[in-house]
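Using the hints, position chains B, C and D against chain A.
So the sequence lines, in the order shown, correspond to chains A, B, C and D. Add 36 to the 1-based position in the first sequence for my numbering, that's all there is to it. Add 36 to the 1-based position in the second sequence for my numbering, that's all there is to it. Add 36 to the 1-based position in the third sequence for my numbering, that's all there is to it. Add 36 to the 1-based position in the fourth sequence for my numbering, that's all there is to it.
By construction, these hints were calculated from the structure, which means they are not laboratory data.
The list cannot tell twin chains apart, which means a pair is met if one copy fits it or any two copies do.
Only pairs whose alpha carbons sit at most 30 Å apart, straight line, appear in this in silico DSBU-like list of lysine-lysine:
{"no.": "1", "residue 1": "351", "residue 2": "228"}
{"no.": "2", "residue 1": "228", "residue 2": "134"}
{"no.": "3", "residue 1": "347", "residue 2": "228"}
{"no.": "4", "residue 1": "314", "residue 2": "52"}
{"no.": "5", "residue 1": "87", "residue 2": "52"}
{"no.": "6", "residue 1": "243", "residue 2": "351"}
Note that the coordinates shown come from a computational prediction; the quantities given were computed from them, not determined experimentally.
Number of protein chains: 4
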Amino acid sequence: MAEHYLVEPSIEHLAKLHAATEPRRRRLIIRLNQAPDATLQLIRMRSDLLKLSSSHLELKEVDRDFAKLFASWFNGGFLQLERLGWSSPAAILENIIKYEAVHGMADWRDLRARLDPPDRKIYGFFHPRLGHEPLIFIEVALMAAMPTNIQDVLSDERQRLRPSEATTAVFYSISNCQYGLRGVPLGSFLIKRVVEDLRTIFPHLSKFVTLSPVPGFSDWLRGWIDDVNECVSPETRLRVSDSLALLQDPASASDNTTKREVRDLLASAVGHYLTNVKSDDGLPWDPVARFHLGNGARLEQINWPADISPKGMAKSFGVMVNYLYDLDEVERYHENLAAHRKIAVSNRVLRDIGKTSFLAGPAPDTFSEAS
Amino acid sequence: MAEHYLVEPSIEHLAKLHAATEPRRRRLIIRLNQAPDATLQLIRMRSDLLKLSSSHLELKEVDRDFAKLFASWFNGGFLQLERLGWSSPAAILENIIKYEAVHGMADWRDLRARLDPPDRKIYGFFHPRLGHEPLIFIEVALMAAMPTNIQDVLSDERQRLRPSEATTAVFYSISNCQYGLRGVPLGSFLIKRVVEDLRTIFPHLSKFVTLSPVPGFSDWLRGWIDDVNECVSPETRLRVSDSLALLQDPASASDNTTKREVRDLLASAVGHYLTNVKSDDGLPWDPVARFHLGNGARLEQINWPADISPKGMAKSFGVMVNYLYDLDEVERYHENLAAHRKIAVSNRVLRDIGKTSFLAGPAPDTFSEAS
Amino acid sequence: MAEHYLVEPSIEHLAKLHAATEPRRRRLIIRLNQAPDATLQLIRMRSDLLKLSSSHLELKEVDRDFAKLFASWFNGGFLQLERLGWSSPAAILENIIKYEAVHGMADWRDLRARLDPPDRKIYGFFHPRLGHEPLIFIEVALMAAMPTNIQDVLSDERQRLRPSEATTAVFYSISNCQYGLRGVPLGSFLIKRVVEDLRTIFPHLSKFVTLSPVPGFSDWLRGWIDDVNECVSPETRLRVSDSLALLQDPASASDNTTKREVRDLLASAVGHYLTNVKSDDGLPWDPVARFHLGNGARLEQINWPADISPKGMAKSFGVMVNYLYDLDEVERYHENLAAHRKIAVSNRVLRDIGKTSFLAGPAPDTFSEAS
Amino acid sequence: MAEHYLVEPSIEHLAKLHAATEPRRRRLIIRLNQAPDATLQLIRMRSDLLKLSSSHLELKEVDRDFAKLFASWFNGGFLQLERLGWSSPAAILENIIKYEAVHGMADWRDLRARLDPPDRKIYGFFHPRLGHEPLIFIEVALMAAMPTNIQDVLSDERQRLRPSEATTAVFYSISNCQYGLRGVPLGSFLIKRVVEDLRTIFPHLSKFVTLSPVPGFSDWLRGWIDDVNECVSPETRLRVSDSLALLQDPASASDNTTKREVRDLLASAVGHYLTNVKSDDGLPWDPVARFHLGNGARLEQINWPADISPKGMAKSFGVMVNYLYDLDEVERYHENLAAHRKIAVSNRVLRDIGKTSFLAGPAPDTFSEAS
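Extracted from the complex, chain A is given alone in its bound form:
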């Protein structure tokens, strides 16, 4: 086949070459799928495979077959969006408790607080063959303004809002449930469908934002301090070190002037991290930023202190950010990142970045919009 194609590279020979090189495993997987309850078993099979394939390189090809089929089987068209509630089957809700990966739930009471009040929603993608197993889900808070910390969202004492008074839908947690579906893009489509549904039932909602962690920030910042190759003034390096030390010692950070200084320094550093630190492919290094900016969101606001839980302090020194989904711009932002590697940020974030002469190097690779 390969020879035929090289001799005469026609469309027909190309097709034959493609067919001839197709692994037989794919047909086998399709056949296996016919058995009762097979689809979930196949997802779990790939989950095992993924764990093994780092030590068994020959399994990578097998994994590719699963990945290829799963991307086709679980494309957005075949997923069912479900608005969950206190009337949903207990078996589904139990899975939500189990799979919540961002802001963990301790028990059914925690779940109910995020599910049952009229100003809180949870949406999930389900597949007809997978019963009560969610593929991915997202938690939404309906609020009167963009939140600046997670406490305002999760606290039991928060004031409940009538949905009709809400202006802002806040996506504060998104969790993938099936490790065996790694690499299948589910989240971006989920957000689009949820925004559509929210706008239908609450037409007066005008803002769709996230309240997101910055999971790679503290690792990166510590590395940066220690990295003598970073072209940065010794003075800035010292100020950052001092600030991080202060964070360990809340007492000394309590006066307002110091607090503002720490805040400005961290905001500038986070802004720099999210917009200038890239992977080899030119896209943001931070996985959450990569996801939302890749979906066409804009980096809207940097908040500190926003998550003072042990995990929040350890991963990102207490910083959280808001990404904004501006429905009129989402296509253009997406295109700007995908085609030109330009990241959309708000003027506010630009100002935050500029406050500290954090960078010796060039200006960030961003563009800003009136916001």
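Just chains B, C and D now, with coordinates in the frame of chain A:
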């Protein structure tokens, strides 16, 4: 890529070659599927494509992409078996009337007669994304014995049976509904699932048979008479001609002796046609025989006169046959045909074939079983 | 008991007296209701009873027990409103065809034309225990204006409207399905619930009207002509006779002047019939008028020719009327009729009544509103 | 009316008298029921009424109206039996936790242990209008034998049984959920329906028994000891006192001889209590015995120690009993109690009663059967 593989035919290069030769159209089709109601539109798109591709050969490759994806998307694991009834949505039932291709239904009364009585069932395969559009459906009669003509199945005056008295499930009509899914194997899996369901609800059922048309028989037989190359005695040829002439003239065929002669001659010819007339691939030429025998059924009985409707007379001189699904043998029969091109027939059919020295040539390529 | 009460008419003795006089049949009926499918059987039992009780007066008491229990069991709170559609179970839709009593449906095609287009709706009341048996249903047309004849509503050639363009919901047919529920008030509550549902899904609807037959009109008018006791001028009597004769002879009624004269005469007569002809209880004699006016509707408009079907000509000389449900006034109108026996009519109808000096007697017992 | 009837006591006058004495409140309650969610509100209204009516006697009549209507509205024919499971709506399951009144559940884990394993079931009666509010529910354990203590049923360490191996369905908890439905007979019909359903899905079940508390036993026994009027020998009285004292002091009760003595004494006393202690109406005083024996069950076995929880010791000195529903006898037993005040007991229980000369008086009012 092709060169790399030829130089070093590793698994990895093979995989890269396969990935590189994949038509981009497939990704496009997967993306298109995300739009609302897209799946049905894609099936219709392929239906149009199939109609055009005979005159536009360049579209064949496009059709192949659809076919490949559809075989993956509509594999048995993703199909839902539904037992239809008079409580089913009218929109589905209307489609059943519309798509019935074997023994047409004139109206809702006809439909109800095949759907509502406890000794009649209709099963369909549905896909969660396709709503009320069936993919394929099958009509079942619960009877006290294997039927020898379609009248006994369809007549309004038939005696109704309590399902508990039935011993035999008769599949008397199977219709594909989506031309755009041509080539996607649905029927074989449907029959398996229906047999399972029937055995669960009526444990005393012991026989699963079809009452099937022989759609290519009359064309073939007329061709055979005119074909001087067929190595057959002039006497047989004449007898067959005479018999066919008699069929046009019911009056002269009414006396019993003549009738039996005609019957024997036709049975022998049909037996020969179904078991010895093959496609290039060595499988039966007749499409219905190819389907059921390929599924592992046995050619059990030849019936005449069995369908005296104009269509039945025109297509098969009034002959119908029963294929039997013997659950203990179905795997073995399937294997015998797939691997050895051996067709399973009953002793009764073997005798029918032998009654007339119809063939000058060798014995049929069959094996028989006590039945 | 009765003596105790007479001697000492306390609340307690009253209660005991009531309990002691309760027919045991009621407990029996409640017990019977526990058997599977019993509720429908009980409704049918009462249906038989109603037919017998005219000739068997002793059964009237038994009927009263059923009526009492049914009024309690089938009170509005226990009824489920269902918006029917082409996806509804065929078994329900078949019942709609069967029970339609106002503008009959010939077949499933007729049904679909009233059910499936986005500008047509059918609503029914169902009871959880009665499965696919509707209790009562109503047919609704969404239109751009109040219709003046049934043809505009039912014709296949009518222009279809997008529901968003409709301003007027027209109730053009309402049918009771269970004779055994006679006397249980279902229709009034159905209309309220349907109006609520329509307003929720089509918030821009501003008018809710009927297009109703006047079933007793022709009988009444013929009787009136022959009744020498009616105090009316011989001239009017003659003109009415002439007009009715003209109706039998469409040719002579075709010129426009004559047509208008006939129209005015009939309108005046219908207006008089609906507003001045009463039962002993002081409520309208015409059953349809009694129902809608009793619900708080206003007699809004008289239309001729509006229903030229044989039935329409025979029962009401082709006249139909619109009753309007003005949601702001419905309580007041209802009260005016119930408490003061005053009928709400529009100014237009008042003018119609006045056009012909039809009546020698006093002005009608109505009140009018700007409309 | 009352005078008319006294003068001429005809059926018609009786009916008129009954109608005239009907409280108008009933019509009002029926009208109130038409508002959205009214049914549950009405049930709660009566619940409040019941609490008030002990101090406000004039409310008793109002309560009677509710009771009368509720008995008609919630008769068995209108209730839906639901087999609950881990896929049931969380809102229902939360109510099960809340309403369990016999063996309390601490949390969702407890619930799941009684709901999800294949050898455990929970059934409830629901009403279409009451959504997720159960009326009554029953918990069932499928077991290999009649259990002798509650630990065997509830323990997490119990061996799980495949339902196909079970021979015995054990009803170990039955809870009314709506105080406002007090007096409406729900339990007896629930047990019948559950037995039917269990027999359909597990045809090999042969025994249907309860494991029931004896809630009034310890109160009664203490009263008996102190009651000098009870005609009983001082010696027996002393033995009973001693035994009860032993129960407070587990150490001294640990040797086997003593234990057996205590057991025999308690069994005899319980047997006497359940079969000979009656209300004024001649039916058993103990409410649980009254319920099951009234349904036609037989007192089958007395178990000690069977429930050593604090509640179990306090209410019944640790005793539990099995009532057996023998489907062939249930009608006869019911009749024997209803008509002749005869209680069905097993020979084993008869022997238990006789073991101690507990009673000075006559033999118990029971009949026994080979069991």
